[in-house]
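Work out the full structure, taking the sequences as your base and the hints as a guide.
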Amino acid sequence: MNFRFRDKRVTGVLTVLPRNERLFLEEMKNFNFPEERSLKLKEVMGYDKRRVVTDGVCVSDLAVFGIQKLFEKGLLKPEEIDALLVVSQSPDHFIPPTSSIIQGRLKLKQDMLCADFSQACAGFVLGLLQAFMYLEQESIKKVVLVNGEVLSRKTSPRDRNIYPLVGDAVAITVIERDPEPTDIHASFRMDGSRHAALIIPAGGMRLPCSAETAQMQDAGDNNFRAKDHLYMDGAAIFNFVQTEVPPLIENLLATANRTKESVDYFLCHQPNRFMLQKLADKMKIPHEKMPNNVVGKYGNSSGATIPVALVLNLAEKAMAGTLQLCLAGFGAGLAWGAMLLPIRKLAFCEMVEYP
Amino acid sequence: MNEFLQKLAETLEVPNLKADDKLKSFPQWDSLAVLSIIAMVDANYSVNLQAADLGSIDSPEELWTLVQSKKSA
Chain A
0 MNFRFRDKRV TGVLTVLPRN ERLFLEEMKN FNFPEERSLK LKEVMGYDKR
50 RVVTDGVCVS DLAVFGIQKL FEKGLLKPEE IDALLVVSQS PDHFIPPTSS
100 IIQGRLKLKQ DMLCADFSQA CAGFVLGLLQ AFMYLEQESI KKVVLVNGEV
150 LSRKTSPRDR NIYPLVGDAV AITVIERDPE PTDIHASFRM DGSRHAALII
200 PAGGMRLPCS AETAQMQDAG DNNFRAKDHL YMDGAAIFNF VQTEVPPLIE
250 NLLATANRTK ESVDYFLCHQ PNRFMLQKLA DKMKIPHEKM PNNVVGKYGN
300 SSGATIPVAL VLNLAEKAMA GTLQLCLAGF GAGLAWGAML LPIRKLAFCE
350 MVEYP
Chain B
0 MNEFLQKLAE TLEVPNLKAD DKLKSFPQWD SLAVLSIIAM VDANYSVNLQ
50 AADLGSIDSP EELWTLVQSK KSA
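First to last, the sequence lines map onto chains A and B. Quick note on numbering that gives the first Met the number 0: the first sequence kicks off at 0 and runs consecutively. Quick note on numbering that gives the first Met the number 0: the second sequence kicks off at 0 and runs consecutively.
Worth double-checking, as some hints may not be accurate.
[What the hints assert, rightly or not] Distance condition first, Cα-Cα at most 20 Å in a straight line; then the derived DMTMM-like pairs of lysine to aspartate or glutamate:
no., chain 1, residue 1, chain 2, residue 2
1, A, K39, B, D19
2, A, K39, B, E60
3, A, K39, A, E26
4, A, K41, B, D29
5, A, K76, A, E349
6, A, K277, B, D29
7, A, K283, B, D41
By construction, these hints were calculated from the structure, which means they are not laboratory data.
Take a look at the structure:
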């Protein structure tokens, strides 16, 4: 499905990364896995360091910390926030929404709208779409979008497929109406028939957590995980990305009557370096126009990786001038979405560390 | 076939391969090798293999047969 917006813009991005860092090669010593294969994974996939929360830290903790920093620095005023949107698959609770918890802890005004969206690696594109739609309302002038995950808490420490690559992060994006309207084109697609490829089987109403779902099971290849843990069919997801993402971006460019060359940077979700290099090769995009360094520096934080990639690679350029970005998110659902987003002199584009 | 053997050997980082080698007995055979082969076949032959397709494959020759059958399909 295609979307088009005119008078909206992103005005600032702040990412919040936990200070706690883990090293891939250290962690791999806990697995029954030859060291030369670990080194190979590091080289090809780009796994190196990742940031994860310490015990008990939730998405709202990271988000409140970050938004308060913006208040302290005078980059955002509490009374300006007309809508607070949270996109996460690791919420604080089933009830209430994490957005309500953040609103309460920040003592924001009551005359506003808070909403949670359950979406994973395509969550930044989905969150921006939501923010733009909210801004169609005259009463909503400024939207704060929170994309965040603490999924390291949902991975099995004995599952080599996922444990060494998941990172935690929150991204805070401010979206407003634009007095100098430019077109923003987006496209989003879904295939729920493949939902089992990326899933936490237990913990919802279909299969509530129990002693049984916490039991580690042999998943083959020396990997063990419980039904409470995040499961990913890595090869199926790799195939999904290589098959679905290039036509998504190509159709979006055609719809917007734009060329690949007119895009300064392709900011994609950051599952691993290998997948992004293969994606760039397939689309004949130079590697330097598609950053792939997030997983090796911070880990894969699902819907937060695109803003994390923006701050890590393009902060100065995004604050100084204009950038034509093409965003692409893809993952659980399965869902995949892309957006042609012009960025112009962001008021802030930075990272803070959560202590 | 020779060209395919060479590309497959490069992908698996082994000096050379024979058509009837047992791929899964190589120490290099793991989930990363599977992804690398899928990517190599996609890039060079425009054939989209599934990881499950590789499950029933033993030798380079069988893999080449599969790639050709998918290409003509």
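These are the hints, each one checked on the structure:
{"no.": "1", "hint": "K39(A) to D19(B)", "verdict": "violated, 26 Å"}
{"no.": "2", "hint": "K39(A) to E60(B)", "verdict": "violated, 26 Å"}
{"no.": "3", "hint": "K39(A) to E26(A)", "verdict": "holds, 15 Å"}
{"no.": "4", "hint": "K41(A) to D29(B)", "verdict": "holds, 15 Å"}
{"no.": "5", "hint": "K76(A) to E349(A)", "verdict": "holds, 18 Å"}
{"no.": "6", "hint": "K277(A) to D29(B)", "verdict": "holds, 18 Å"}
{"no.": "7", "hint": "K283(A) to D41(B)", "verdict": "holds, 14 Å"}
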